[in-house]
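Chains as they are written, first to last, in our numbering: chain A, 1 to 410; chain B, 1 to 410.
Some hints could be false.
[To be verified] With a straight-line Cα cutoff of 20 Å, these simulated SDA-like cross-link-like pairs (lysine to any residue) come out:
#, chain 1, residue 1, chain 2, residue 2
1, A, 333, B, 148
2, A, 87, B, 69
3, B, 404, A, 176
4, A, 395, B, 157
5, B, 54, A, 87
Just so you know, the hints here were simulated from the structure itself, not pulled from any lab data.
There are 2 protein chains.
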Amino acid sequence: MAKVKGLRCRECGREYPAEPIHVCEFCFGPLEVEYDYDLIRNTVSREKIERGPKSLWRYVDLLPVEEPKVGLTAGFTPLRKAENLGKVLGLKELYIKDDSVNHPTLSFKDRVVSVALSKAVEFGFDTAACASTGNLANSVAAHSAQAGLNCYVFIPANLETQKIYGSLVYSPTVVAVEGNYDDVNRLCSEIANELNWAFVNINIRPYYAEGSKTLAFEVAEQLGWRAPDAVVAPAASGSLVTKIWKGFKELRMVGLIDGKLPRVYGAQAEGCSPIAQAWKEGRDYIKPVKPNTIAKSIAIGNPADGIYALAVTRESGGEWETATDEEIIEGIKLLAETEGIFTETAGGTTVAVLKKLAQRGVFRPDEVVVVYITGNGYKTMEVLEGHLKDVVRIKPTLADFRDKILVRVP
Amino acid sequence: MAKVKGLRCRECGREYPAEPIHVCEFCFGPLEVEYDYDLIRNTVSREKIERGPKSLWRYVDLLPVEEPKVGLTAGFTPLRKAENLGKVLGLKELYIKDDSVNHPTLSFKDRVVSVALSKAVEFGFDTAACASTGNLANSVAAHSAQAGLNCYVFIPANLETQKIYGSLVYSPTVVAVEGNYDDVNRLCSEIANELNWAFVNINIRPYYAEGSKTLAFEVAEQLGWRAPDAVVAPAASGSLVTKIWKGFKELRMVGLIDGKLPRVYGAQAEGCSPIAQAWKEGRDYIKPVKPNTIAKSIAIGNPADGIYALAVTRESGGEWETATDEEIIEGIKLLAETEGIFTETAGGTTVAVLKKLAQRGVFRPDEVVVVYITGNGYKTMEVLEGHLKDVVRIKPTLADFRDKILVRVP
């Protein structure tokens, strides 16, 4: 595959062939996909992309897959101008990139999994697996069903019921590990060393992570081929933030956009914010933490890409901010009440952080700001208990309607 | 508005201006939007549509709205070839039109509500309302938030918790009526006579219902501007089936497609199948029933458009079929396990009916068949309890993984 040159260690720069490996044998640094950008510059164009499928595969020239095998309809989700939320926050050009309706499993994970499992099929694996906080498990299970792969998903035992059903329905083996995500991830790394399974976020990780770049590609195209001034995204492992940044950089490198790249702002839940804490304390290393937050989908205490995510905010001129559990719920409600979009706790975190950043004045009122909503509220419904208005119960009569409802109408 | 000539009674043909009215004053027949197709034929083209927004508004020339006001990103959902499910059913050209990821509230109701509330804003209403089995309430609440309208949604008191939260989050007044959907609907009709509220499926119904035509428009465009040989869709009030049919007919009338129109097959839950029963008994009238099914979103015992839906199957050469609650759950699982798509009970009904029809041989193996998946499985999660594989719980150790999981791997 000419466009992919191979893998390269992010730490020591050593080169590897494009195989299902993820760690440098010499320095244990993570491997990343290297492209031949000169070649890509000559083959890619705005027109070619616009003629492509209405999915993330329109950007296949910038992805490490020869031909999509699975997840053919993932991505290309709406980018919508947020007039109402913008007014509340004093932002005239606020946009929501809405992966809460990603296809098929309602989170941005459908992007990375489409790429990872297309690659896994290319490599000849017959079994897919993952360590997951829930969304990834849904997506791996769904795409494995589509691809006819055996499937094992590993989740923390305390996960939201909705997300467990949202995996089980595809009939994978769901393994609930007694511990938090970091325990699950450690166990899966050990298993990946022993078995020939495609763990999408372990041995297939270099390919998997590239899928997140499409969140930059789509935003740039949907804005009419330009980068926004700033983006706000949630961080768990930190990978998403680094790949959004890489995506915008690549677009400029191959000549699809020009001008300034966006400042990248990272959002974490206060109860699990190892990257944001490092930022606030001016550290360039991560101190692992024990997660304690309702935002379980981003509760990674020992984030694999934390230091690279920190570097992105430094390089781009962004910042990190956190939200408490209460602020996360307020964030979910604020987005729903202003824009009619129902997001899960990760999205609530991102909206809450956007609000704090706006109030601190980090955005000029006329800057183009894009907020990434990465998952759907139906998946973390239970956190809303006790935080919503009451349902009014009435008999099916006009009299009861008048007594219980009409009297309250202003 | 030149393209809309006005409203016309479906029964006696009497004409009315395009106002927020829905019933003929003379014969009590339902009113329907009448277009000037000669004018539309001269203004619409495939190229113009293809250049339009990536939403249902690309078909605005065939909708009763001058300019979209709300729901700007609704519609244009994936149409995916269902290779795996097709193999199971012996269909080489089976496609899924997947509204389980419709924007923003994960059901086809985002289509009708975008159109209804854009029209309500055009009419100058300040309050939106609806009688709903759940999906419609979600969508009306979300779009009202977007449009800044006051919002009252009326639902049967026994609705799934998920769907109630999925409305409450947008902060409307949710009124739980003690009774079934038909009781809710009757009450809302009385209220609509007294208050100046835009009940999307009552006084705005003629405009609202037109939104469903986009399910035909999109399928035709996504198939490369041709009609399929057959479509299978669920029926509650019966409106969806009639509007899909109307959509295909209109496309041919204005010259966007030619050739044969599809046979239209209707799916109902056995426990609430007044239209299918009429079909099987050769009646052209509906006997209302008392709903008793897990498919609550299509549990309408007295379907307003039942007789028109019957007429569509007669005219198009289609049929009606039903699914038991058990078959509905099997339908949900079959779609998930083969295609990685998680649908709610209405979708389970449609898949179960598709399967029965295929087994009865109503489709030739090479016919293009489209199945409409109208809602998301996260909304009716609770019906799956006891029907899925068990989660395997393990300690975070390789030893426990070997003992509990690896021993079972074939």
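For each hint, the structure was consulted:
1. With a CA separation close to 15 Å, the supplied pair residue 333 (chain A) and residue 148 (chain B) stays within the 20 Å bound.
2. This hinted pair checks out: residue 87 (chain A) and residue 69 (chain B) have alpha carbons roughly 17 Å apart, not beyond 20 Å.
3. In summary, the hint linking residue 404 (chain B) to residue 176 (chain A) is supported, as the alpha carbons are separated by about 11 Å, within the 20 Å threshold.
4. Using a Cα cut-off of 20 Å, the hinted pair residue 395 (chain A) and residue 157 (chain B) holds, with the two alpha carbons roughly 10 Å apart.
5. Of the supplied pair hints, the one linking residue 54 (chain B) and residue 87 (chain A) is violated, its CA atoms being roughly 25 Å apart against a limit of 20 Å.
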